[in-house]
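Visitor: Sequence:
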Amino acid sequence: MKLAVTGKGGVGKTTFTVLLAHALQKGEGAVTVIDADPNTNLAAAIGCPNAGDIKPLIELKDMIEERTGVKPGSTGGMFRLNPFVEDIPSKYAVKVDGINVLVAGGLKKGGSGCYCPENALVRALVSHLLLERNGTLILDMEAGIEHLSRATVASVDFLLIVVEPGSRSAETARRINVLAGELGIPRVAAVGNKIRHAGQQGQMARALPELVFAGFIPFDEAIYEAETMGKPVLKAGKEVKEAIQEVVDFLKNTGKKR
Numbered sequence: 001m002k003l004a005v006t007g008k009g010g011v012g013k014t015t016f017t018v019l020l021a022h023a024l025q026k027g028e029g030a031v032t033v034i035d036a037d038p039n040t041n042l043a044a045a046i047g048c049p050n051a052g053d054i055k056p057l058i059e060l061k062d063m064i065e066e067r068t069g070v071k072p073g074s075t076g077g078m079f080r081l082n083p084f085v086e087d088i089p090s091k092y093a094v095k096v097d098g099i100n101v102l103v104a105g106g107l108k109k110g111g112s113g114c115y116c117p118e119n120a121l122v123r124a125l126v127s128h129l130l131l132e133r134n135g136t137l138i139l140d141m142e143a144g145i146e147h148l149s150r151a152t153v154a155s156v157d158f159l160l161i162v163v164e165p166g167s168r169s170a171e172t173a174r175r176i177n178v179l180a181g182e183l184g185i186p187r188v189a190a191v192g193n194k195i196r197h198a199g200q201q202g203q204m205a206r207a208l209p210e211l212v213f214a215g216f217i218p219f220d221e222a223i224y225e226a227e228t229m230g231k232p233v234l235k236a237g238k239e240v241k242e243a244i245q246e247v248v249d250f251l252k253n254t255g256k257k258r
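If you're matching positions, the sequence shown starts at 1 in this note's numbering and goes up one per residue.
Think of the hints as simulated: they come from the structure by calculation, not from any bench.
Where a beta carbon is used, it is the ideal one built from N, C-alpha and C, also for glycine.
No more than 30 Å apart at the CA atoms, straight line, and that leaves these computed lysine-lysine pairs for DSSO-like: (1) Lys55 to Lys95; (2) Lys2 to Lys252; (3) Lys61 to Lys95; (4) Lys108 to Lys55; (5) Lys231 to Lys26; (6) Lys238 to Lys2.
Distance ranges between label pairs, derived from CB positions: (7) Gly184 to Gly135: 16 to 26 Å; (8) Arg174 to Pro38: 21 to 31 Å; (9) Glu239 to Leu81: 38 to 48 Å; (10) Pro38 to Arg168: 14 to 24 Å; (11) Ala198 to Glu171: 18 to 28 Å.
Please construct the entire structure, taking both the sequences and the accompanying hints into account.
Guide: Printed below as a string of structure tokens:
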């Protein structure tokens with residue numbers, strides 16, 4: 001199963017990714033998670049030792065130059081659009097509780113210098129993992145789908161948009177859903193997060209009628225404290241675990257095809 005997780009910053013998508021990875025690892029075997037968000041905190045959330053010392057792949061200048069033929073940040077010049085990336089998972093992934101964690105980092109934006117070599121490497125890695133590697137993959141992205149291309153979207157089983165109560169989160173979800181349609185992603189679903197009462201589920205469904213909800217994750221004080229303190233998300237209440245399992249069941253049994 002190949003999954004991409006996105007949503008507005010602060011909605012809890014990284015925590016959701018960690019909980020989903022643990023749930024899938026118990027039933028699916030090998031699971032790989034890629035942190036493709038500029039705010040690389042998935043390693044810390046999942047409990048990687050010395051997570052703060054892990055350097056995102058997109059910042060490994062020597063490796064990027066070796067693979068693409070161009071120094072990161074250099075302007076002009078030709079570089080390899082499809083660099084060799086097959087060995088990167090085995091060289092750079094960290095295993096935590098049987099889950100492989102790769103910290104890729106977010107794609108560089110336009111500005112000073114040319115960031116194309118970095119982006120080419122990360123996109124090539126994502127394409128390789130989506131198209132050629134077996135097992136379960138979860139891609140934790142920023143509020144967008146820049147890591148995906150028309151060549152790889154067919155391999156994405158689901159794009160999951162994490163939404164919390166509030167109009168701004170819903171608006172971001174709406175925008176991402178439109179972009180997903182333009183790119184041709186076949187299955188898109190929303191996941192309601194930080195739900196404090198049943199009424200919020202109905203509010204979300206009414207605010208986003210164009211999206212089917214894979215599930216609703218209740219607010220959990222222990223998770224909130226872990227997020228606030230920057231600690232690993234090691235404990236989740238029974239209700240959260242049951243809600244995550246409902247999402248897993250949804251992913252296995254249903255979906256919304258465009």
